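Chains as they are written, first to last, in my numbering: chain A, 1 to 290; chain B, 1001 to 1351.
Keep in mind that a hint or two might mislead.
[As the list claims (entries may be wrong)] Just some of the chain A residues that point at chain B, by a computed CB distance under 7 angstroms:
1. L89
2. M95
3. G100
4. M104
5. N107
6. A108
7. A110
8. E111
9. L266
10. P280
What the hints contain is simulated information worked out from the structure, not anything from laboratory work.
Just so we're clear, the structure is a prediction, and the values are computed from it rather than from any experiment.
Don't be surprised by glycine CBs; every beta carbon is placed ideally from N, CA and C.
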Amino acid sequence: MTWVNTILQGLLLGGIFAMAAGGLSLMFGVMRIANLAHGDLMILGGYAAAVSTLHLGVPVPLTVLVSMAVLGGLGYLLQRTLLDRAMALSELAPMMVTFGIAVMIPNALAEVFSNDAQPLNIGALGTASIELGGGLAIGWFPLLTVVAAVLVLTGLHLFLHRTQIGRITRATADDPEVVRLMGVDNLKIYALTTVISLVTVALAGTLYAMRQGGVTPYEGQLTVLFAFETVVIGGLGSLWGTLAGGLVLGVAQSAGAQISPDLPLLAGHVVFLLVLVFRPQGLFGRSVLA
Amino acid sequence: MTIRSAVVTPGEDLRRPEISRGGRAAAAGPAGAILVLLLMACLPYLVEPGLTSELVTLCYLVTLASMWNLLAGYAGMVSIGQQAYIGLGAYALFLANDHGLDVYTGTIVVSAVVALVAWPLSYLAFRLRGGYFAVGTWVIAEVVRLVVVRFDSLGGAGGRGLAAVTEDPLLRRAFTYWLALGVMAAAVLGTYLVLRSRLGLDLQAIRDDETAANSVGVDVTRGKRVIYVLAAAGCAAAGAVICVDGLGVASPGQIFGVQYSALMIFMVVIGGIGTVEGPVIGALVYFLLDKYFAQSGVWYLVIVGAAAIAVSLYLPRGLWGTLDRRSGLAIFPVARRVHGHQGTARPETRT
């Protein structure tokens, strides 16, 4: 029964990974940008939420919206001022820019807010759970996270496949030149993609901060690895694969923790490497070597 | 690349352009560099030990930057996981030391051993490309750290001390300095020699266009793998130097820290990616920044990040690359340049 519980908790943990990975996958799919600052932007989203309730008195549930607005705006600026220019230069430049941001964010956060955790307390919701009997329980909040992850990924899927602008976005991913000949400004599509990506990452970061009860500056170095691992495990270019990848990573970490408290990270990384060796295209993907 | 017009205007000189790699100047640069290295080797007899201690840091920074440049600047592999090999180098030195090897022999043995470890790991890392390759190398570094921490004999999570080379602190400093200098010389001159070889030509083709290189018969994967393994060996040697310099490892989190990758990227991008001289300049810039601004806390790292972004956007060739392009100057001439009718260098030819 402990193992059933372990797997259950792992699945619930995986929801956050899947949500964080969705935005990463989108940016890479459309612009071929591997956003190395993804984890740090997620943590920045958590800070936006925590700070808005601590210092501005925003009610905790609404901090999600504040965080999404802040990161969405930041995403627009980021794309327009730095990434557009970097994409025009070389393949290397966008990676350098996102890595530079990944160095700046945590250190700036540490300098402004110290290394202490910024609390983000969701009160009774954090501990409330549904008893399933037999010692099994599902926390309301983790359940909410998984539901949110499914909604976000479904939303992204519907956007990309059922709306005009979504179809244009997919076409831009395939061939930006031709799309431009059809009269669409590539840069607008890129800006929209980055905004959507950062809004989802803000949601993921806020829920992550709520789950942990707060955020510290350097956590992005871990979450960025989780997000990339999720995408690779699930397979590039498959949003459902991303969900599955998150759940697999969650279960791996949770199982690692069950064996020994210092194992969850290693277990997650090892599952990632095993997928690389035996199924490099990911569980559901077409090809990682895209 | 310039595409020359096929239409010949009357009176245009039809002599074939000459292609050269710098002629007599090609020997002058490396000869000068060797002279500088010899002078540096005499420093422990000439200056205060405090200065040579600082130069140890500069030496391993140059080594690390050169290795990262070899990976990213010549083989197109952006790694943010070289700390795996820095850490392994430091930890392997403990083992070598336990078996009674002195640090000099130890550093050579350690580099070879880490190269042997890097070779199978390259198969893992090469499953991924571009940004995913970068993160894949980072995951490998984390796995190496998490595994090393599990060995209590290596000090577990607490780091470990290294027995001093000699009792005399003055002599110890000089020994450490010579080790660091030797490793740096091997890294820079080694890079130069690799790049002038057949492999170097392959690599530059791979960096400019992998598919095109493949189509003209360059074994792309083999070239990249050789470089990956060489860079691992170089980083391991730097790790051994860091270990000797610090008389051990303060904590696995420090020696396996991703901040080493941030430093390498910063130094190479600032100095000029894809040039032999660039990493040396970049390391010098970082060394001076660190010396004078490190006290201003972590804001300084924010500036480092911002500077890396600014340079990669507005000065994509870095300091040396820009200078080199304007003046055609090269201490370590690697590129073949096309000389037109007037005998002028065509700076458009990529190095």
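Contradicted hints - numbers only: As far as the earlier hints go, not one is violated by this structure.
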